[in-house]
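Here the protein sequences line up with chains F and V, keeping their order.
Under the numbering used here, residues 1 to 457 are what the first sequence spells out, in order.
Under the numbering used here, residues 1 to 457 are what the second sequence spells out, in order.
To be clear, the hints were calculated from the coordinates, so they are not data collected in a lab.
Please note that a few of the clues may not be correct.
Note: identical chains are not told apart, hence a pair may lie in one copy or across any two.
In silico BS3-like cross-links for lysine-lysine, where the CA-CA straight-line distance does not exceed 25 Å [said to hold, decoys possible]:
(1) Lys382 <-> Lys142
(2) Lys288 <-> Lys318
(3) Lys260 <-> Lys352
(4) Lys260 <-> Lys288
(5) Lys352 <-> Lys288
Here's the letter readout for the chains.
Protein chains: 2
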Amino acid sequence: MKGKLYALTVAALILFVVGPSTASSLDMPLEGITPGRMKQLFEDLAAFTDSAPPSVTRLVFTDTDMQARKHIKQLMTDAGLIIREDAMGNIFGRWQGSDPDAGVVLSGSHSDSIVLGGRYDGTVGVLGAISAIKALREAGFKPVKSIEAIMFSTEEASRFNIPCLGSRGITGHLDPSILDSYKDENGTSFAEAARAVGYAAASAQEFADKTHWKRTGLKIDAFVELHIEQGPHLEAEGFDIGIVEAIAAPSMIRVEFTGKGGHGGGMPMLQRNDPSMAAAELALTIEKAALGTGASETVATVGLWDQSPNIYNAIPRKVQLDIDIRDTVGERRDSVIQTAFDSAAEIAARRKCGFSTKTLFAYPPGTGDERILNAIENASNKLGLSSKRMISRGYHDAGLIAQIAPTAMIFIPCRDGLSHHPDEYASPEQIANGVKILALTLAQLAGSPSSEGKDEL
Amino acid sequence: MKGKLYALTVAALILFVVGPSTASSLDMPLEGITPGRMKQLFEDLAAFTDSAPPSVTRLVFTDTDMQARKHIKQLMTDAGLIIREDAMGNIFGRWQGSDPDAGVVLSGSHSDSIVLGGRYDGTVGVLGAISAIKALREAGFKPVKSIEAIMFSTEEASRFNIPCLGSRGITGHLDPSILDSYKDENGTSFAEAARAVGYAAASAQEFADKTHWKRTGLKIDAFVELHIEQGPHLEAEGFDIGIVEAIAAPSMIRVEFTGKGGHGGGMPMLQRNDPSMAAAELALTIEKAALGTGASETVATVGLWDQSPNIYNAIPRKVQLDIDIRDTVGERRDSVIQTAFDSAAEIAARRKCGFSTKTLFAYPPGTGDERILNAIENASNKLGLSSKRMISRGYHDAGLIAQIAPTAMIFIPCRDGLSHHPDEYASPEQIANGVKILALTLAQLAGSPSSEGKDEL
């Protein structure tokens, strides 16, 4: 009976606390979030670049990145946040809530860029989270759960040829050997580069261990990532906001076929084992397999085709295909990968070619959490902004965090769907809309007692 | 009756002249053709190079090529030959025969090289012809027909991206506009480069006209080209000599497919018009068409595959295929080209891709002349060298000369079939064998009255 009474009390509490708190969260004045302020924030951060404006080149752990990190930490301090960093360089800025035992409401993205990238990829989520929290503080909001802004370390693959190292470290989806074995173009590994700038651990394993959420004590109640869409849909369809309910599970596989080569004139057709013909067969097989799932979410792209030699009158000796395969359903994507690998073996045997197959990465899909999705939707409606639910086929740190905590993303439109490009652009107004929605979402999520806390009542 | 009498007289003359002359031709001492002398000749010529030995880089009309030409003209002079050059830089060295009205017995090849080529491609035919004529002179041979050594100008496509300009000019298989429009990497055309070194004509058309055999009065009774095999067959099968009875008709076609591209993650399969998939279909169609002729002489190679962009997660916007198609029967080759073009159109229409097709070149096949082939065979037998009849899938100036005159080629083995490579090699003994056979072949052909001359009796 005591248990039942507790349960009833909890239920009443939830109705009481969530109800009014949500309502008041949505009435928050957000005067600090203006297009002008957003414009200035992005101009300031874009100054940290190793290439000429409007492009941004900011590879992780370079001098330029370290200056940008210092700048971001200053913004966090100015917003009243308490900063901590983990072993791999993920930066957290904490606003303490009234319930010290509750999981945190976490929001952020990355600030590193590709070579000759743009100003908005990632940075919208970092500057957005800091701005949203600052605006909530200024509005007098009192969070129950702590709210944290996060800057994930090295989301881009630009320097070490592998993406999302920071969020992989947090979630435990990291093979630590990568931190030693993957090198930048100067032959420097992540571990070496991290140590050189002061993020130190004795070994790759220790880097990973010391970043893992279980070791750092990171307890996430909800994670929200604000990001530009990097696609044309919102702009084309005239929506202000995308509510991302799934992040496709991307993968990259590599298939190589080899043969003895030879002169294009000299070698009779029947004596050939031409790897380009094997590759052509495989490409069509993969296309058929992707179409064959019947789901529009299944996509496969033979993006890279490198044959060697590559001159008109030589039979190639080697063809390398790098293939992107994505799906919102992990098993369905994996079935296309399996078809590709099985077909490669069959084609190679039939054509007497050598072959090798390799999965370079295969992330799990990220599924949006309905509670967070609803909070985003409430915020959009309150602000009179139009929104649509959508999926992200691009990958983000949120895709990894979704493996360990309730997660969702907020997309804002970007011009022409262009990203990873110097002309990447989101207007100050669009950014301000996104940050306001983020603020109201964080307020809704942080204003109520933690669901984990409830279990402990 | 007078005609009949003449004909009978001619027949008797032929039996008389060809018989003994051939026999005596085959008994010629050829003491000047020794491995040691051959070794020296090739070392001397290889010194004219713009890259480090053992590689040879000798692009037409460079300072190095002009020095090599001077050297070759000196060798011709030393052999007692009278030199003339045509408007496009083809160099002829003439040994006057006793019948000034007879067509010439012509032999030679080219001395230009690719970048980082070897010592023997082409040069075996040039130095071989000069050495063969010199040896015949020294042996006291008296030719009825004149014998000429020739160095064809710019057989390699290395500088102006198009091969055999000299022999095309001679035979009239030259689109003169090429001489202005095709440029080297510095933007210099053939016409500009030729004028700069003293081969002058007022216009591209005039270059071509002044080189054409009808304008220069070149009357060829027979043409023989000595060359390294550039393939592995003679060496692998242990033959000393290849008697080339056909030169495959090579062609190069280019097919481009275009599509709208897009992000590999973002674009649903059904909305794509992926040019790499169109290219894969076409590649397999061409392979099938080549196999479908049922002739081992039909070969087709998708040697160059360039897609743009070429990264794993982007649908390409353009794929360019450069395809080599060859056959000893021109019509059969052309049917494969036609299938390729028809299929490209069908595939592009079905996949909603843009496309373009282009024939970059399509030479006619060269058919060996039985009289010359027999003369080569006689010479081989006389010298106790093993020979086989074979085809050349590689292209040579002989392929063009065969369009206007009786032609054949003599192949000598080369190590590992390697050519267009710094390690290209034929031994001094193998070269000496080839040059001796060439000399005895020229003697047989030049010792008898010209067949054209006979018609005029």
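Problem set entry | In rising order, the numbers of the hints this structure does not comply with | none
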